[in-house]
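Chemist: Sequence:
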Amino acid sequence: MNRRLKFSQIKNRIGSANKTLLMLVFLGLLSCGGEEESNERKTEVDDRLEESIALIDSLEESTLKSLPQVEIPDGYMIISEDEGDLDGDGINEKVVVFDTDREVAQGKERELRIYFNQDGVWSLSHKAIGPVLPSQSGGTMGDPFEKMTVTGGGIIVNHFGGSVERWSYTHEFRLIDDEWKLAIATLVYFSNCDFTETYTYNLVKLNGYHSRQKERCDENGNVTKSKFEVEESLTIKKASVLMDGFGPGSTEIEVKGEEDYYYL
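So the sequence shown is numbered by the numbering used here: it starts at 94 and just counts up by one.
If you're looking for bench data, these hints aren't it; they were derived computationally from the structure.
Quick caveat: nothing in here was measured; it's all calculated off a predicted structure.
Where a beta carbon is used, it is the ideal one built from N, C-alpha and C, also for glycine.
Among the hints, a few may not be true.
As the list claims (entries may be wrong) - SDA-like, lysine to any residue: derived pairs with alpha carbons at most 20 angstroms apart:
{"id": "1", "residue 1": "Lys330", "residue 2": "Lys307"}
{"id": "2", "residue 1": "Lys220", "residue 2": "Asp167"}
{"id": "3", "residue 1": "Lys201", "residue 2": "Thr233"}
{"id": "4", "residue 1": "Lys320", "residue 2": "Cys286"}
{"id": "5", "residue 1": "Lys307", "residue 2": "Gly255"}
{"id": "6", "residue 1": "Lys318", "residue 2": "Ile277"}
{"id": "7", "residue 1": "Lys330", "residue 2": "Asp353"}
{"id": "8", "residue 1": "Lys240", "residue 2": "Ile277"}
{"id": "9", "residue 1": "Lys274", "residue 2": "Thr344"}
{"id": "10", "residue 1": "Lys220", "residue 2": "Gly246"}
{"id": "11", "residue 1": "Lys240", "residue 2": "Gly177"}
{"id": "12", "residue 1": "Lys274", "residue 2": "Asn295"}
{"id": "13", "residue 1": "Lys298", "residue 2": "Ala332"}
{"id": "14", "residue 1": "Lys331", "residue 2": "Ile346"}
{"id": "15", "residue 1": "Lys298", "residue 2": "Gly247"}
{"id": "16", "residue 1": "Lys240", "residue 2": "Ala221"}
{"id": "17", "residue 1": "Lys298", "residue 2": "Tyr356"}
{"id": "18", "residue 1": "Lys331", "residue 2": "Ser343"}
{"id": "19", "residue 1": "Lys318", "residue 2": "Ser284"}
{"id": "20", "residue 1": "Lys318", "residue 2": "Tyr282"}
{"id": "21", "residue 1": "Lys349", "residue 2": "Val334"}
{"id": "22", "residue 1": "Lys201", "residue 2": "Ser173"}
{"id": "23", "residue 1": "Lys307", "residue 2": "Thr279"}
As the list claims (entries may be wrong) - Distance windows between CB atoms, simulated:
{"id": "24", "residue 1": "Glu164", "residue 2": "Val257", "range": "40 to 48 angstroms"}
{"id": "25", "residue 1": "Tyr356", "residue 2": "Asn285", "range": "34 to 42 angstroms"}
{"id": "26", "residue 1": "Ser343", "residue 2": "Val257", "range": "14 to 22 angstroms"}
{"id": "27", "residue 1": "Glu272", "residue 2": "Gly314", "range": "43 to 51 angstroms"}
{"id": "28", "residue 1": "Lys318", "residue 2": "Val257", "range": "17 to 25 angstroms"}
Build out the structure end to end from the sequences listed, making use of the hints.
Modeler: Now the structure itself:
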């Protein structure tokens, strides 16, 4: 894309020029001396050439890692960041989760921002409020946010919270039809030595799975018996859930053949 004559492209051109220059110098050295001396010199030159190319690669990698950090808004604090190729162009984007300075009913509001590399500088591409829960919305567990990772072209956000009954959320967001949307969600509700209930939704394929497993434990808290009470496939009605304004665990979705709403 023209928006990124990117630092990586400049780096590749400089790197190629440096390596070509090194090769010409070493070939010039080989042209001197007799055949036996030339063979010995060739071995020595090959070794030095490999070392020099490795050094250039190392310097280029160091230069890439020295890209400026993203601009942190006043009153914000980074709580998670990761990089990966989100749009399939072979160039990494950066995703950052911020604690903001905005207090809401359940603590500090979080903001997720996506940046692309523009000429060696991280440039803001998108920001969203909602996909990362506020800082005190995890019940007695406190802060529910566990981590954010960029994996396989998706942005994955993990939460955990609850009290006696606990919950674990995993939501994956992807760039779909030029919009950031929820693609996959897995919600697990459980109470130790009582039950585990799991909901998995694929909003791209419009299918899902629901199970509920009953558990019994011994006096040490080890599960001694488990039995599935429910196992069912789900067919999701047409759904398009944007990252912006999404509420983990509270966004409704309709499932075919069911009167009640399910929650993502």
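Chemist: Does each hint hold? Answer for all of them.
Modeler: Now for the hints, and whether the structure bears them out:
For the hint linking Lys330 to Lys307, the alpha-carbon distance of about 29 angstroms lies beyond 20 angstroms, and the restraint is violated. With a CA separation close to 16 angstroms, the supplied pair Lys220 and Asp167 stays within the 20 angstroms bound. Only pairs whose Cα atoms come within 20 angstroms are accepted, and Lys201 paired with Thr233 is accepted, the gap being roughly 16 angstroms. At most 20 angstroms may separate the alpha-carbon atoms for a hinted pair to count; Lys320 and Cys286 meet this at roughly 12 angstroms.
Straight-line distance between C-alpha atoms of Lys307 and Gly255 comes to about 19 angstroms, which keeps the hinted pair within the 20 angstroms bound. For the proposed pair Lys318 and Ile277, the alpha carbon gap of about 30 angstroms is over 20 angstroms, so the pair is violated. Of the supplied pair hints, the one linking Lys330 and Asp353 holds, its CA atoms being roughly 13 angstroms apart against a limit of 20 angstroms. Between Lys240 and Ile277 the CA atoms are separated by roughly 16 angstroms; this keeps the pair inside 20 angstroms, and the hint holds.
Under the criterion of a C-alpha separation no larger than 20 angstroms, the hint pairing Lys274 with Thr344 is consistent with the structure, at around 13 angstroms. The straight-line distance between the Cα atoms of Lys220 and Gly246 is roughly 17 angstroms, inside the 20 angstroms bound, and the hint therefore holds. Between Lys240 and Gly177 the alpha-carbon distance is near 15 angstroms, which keeps this suggested pair within the 20 angstroms criterion. Simply put, Lys274 and Asn295 have alpha-carbon atoms about 12 angstroms apart, close enough for the 20 angstroms limit, and the pair holds.
The straight-line distance between the Cα atoms of Lys298 and Ala332 is roughly 10 angstroms, inside the 20 angstroms bound, and the hint therefore holds. Our distance criterion of 20 angstroms between C-alpha atoms is met by Lys331 and Ile346, whose separation comes to about 9 angstroms. Between Lys298 and Gly247, the direct Cα distance comes to roughly 16 angstroms. Compliance with the 20 angstroms bound is thereby established for this hinted pair. Straight-line distance between C-alpha atoms of Lys240 and Ala221 comes to about 16 angstroms, which keeps the hinted pair within the 20 angstroms bound.
Under the criterion of a C-alpha separation no larger than 20 angstroms, the hint pairing Lys298 with Tyr356 is consistent with the structure, at around 17 angstroms. A threshold of 20 angstroms between alpha carbons decides the hint, and for Lys331 with Ser343 the separation of about 18 angstroms falls inside it, so the pair holds. For the given pair, Lys318 sits about 14 angstroms from Ser284 by alpha-carbon distance, which is consistent with the 20 angstroms threshold. With a C-alpha separation of about 18 angstroms, the suggested pair Lys318 and Tyr282 falls inside the 20 angstroms cut-off, and the hint holds.
A threshold of 20 angstroms between alpha carbons decides the hint, and for Lys349 with Val334 the separation of about 17 angstroms falls inside it, so the pair holds. For the given pair, Lys201 sits about 15 angstroms from Ser173 by alpha-carbon distance, which is consistent with the 20 angstroms threshold. Taken as a hint, the Lys307 and Thr279 pair is honoured in the structure, with Cα atoms around 19 angstroms apart against an allowance of 20 angstroms. Against the hinted window of 40 to 48 angstroms, the Cβ-Cβ separation of Glu164 and Val257 comes to about 43 angstroms, which satisfies the hint.
Roughly 22 angstroms separates the CB atoms of Tyr356 and Asn285, a value that falls outside the hinted 34 to 42 angstroms. At about 20 angstroms, the beta-carbon gap between Ser343 and Val257 stays in the expected band of 14 to 22 angstroms. The beta-carbon spacing between Glu272 and Gly314, approximately 45 angstroms, falls within the hinted interval of 43 to 51 angstroms. Checked against the hint of 17 to 25 angstroms, the pair Lys318 and Val257 passes, with Cβ atoms roughly 20 angstroms apart.
Checked against the numbered hints listed earlier, the structure breaks hints 1, 6, 25; every other hint is satisfied.
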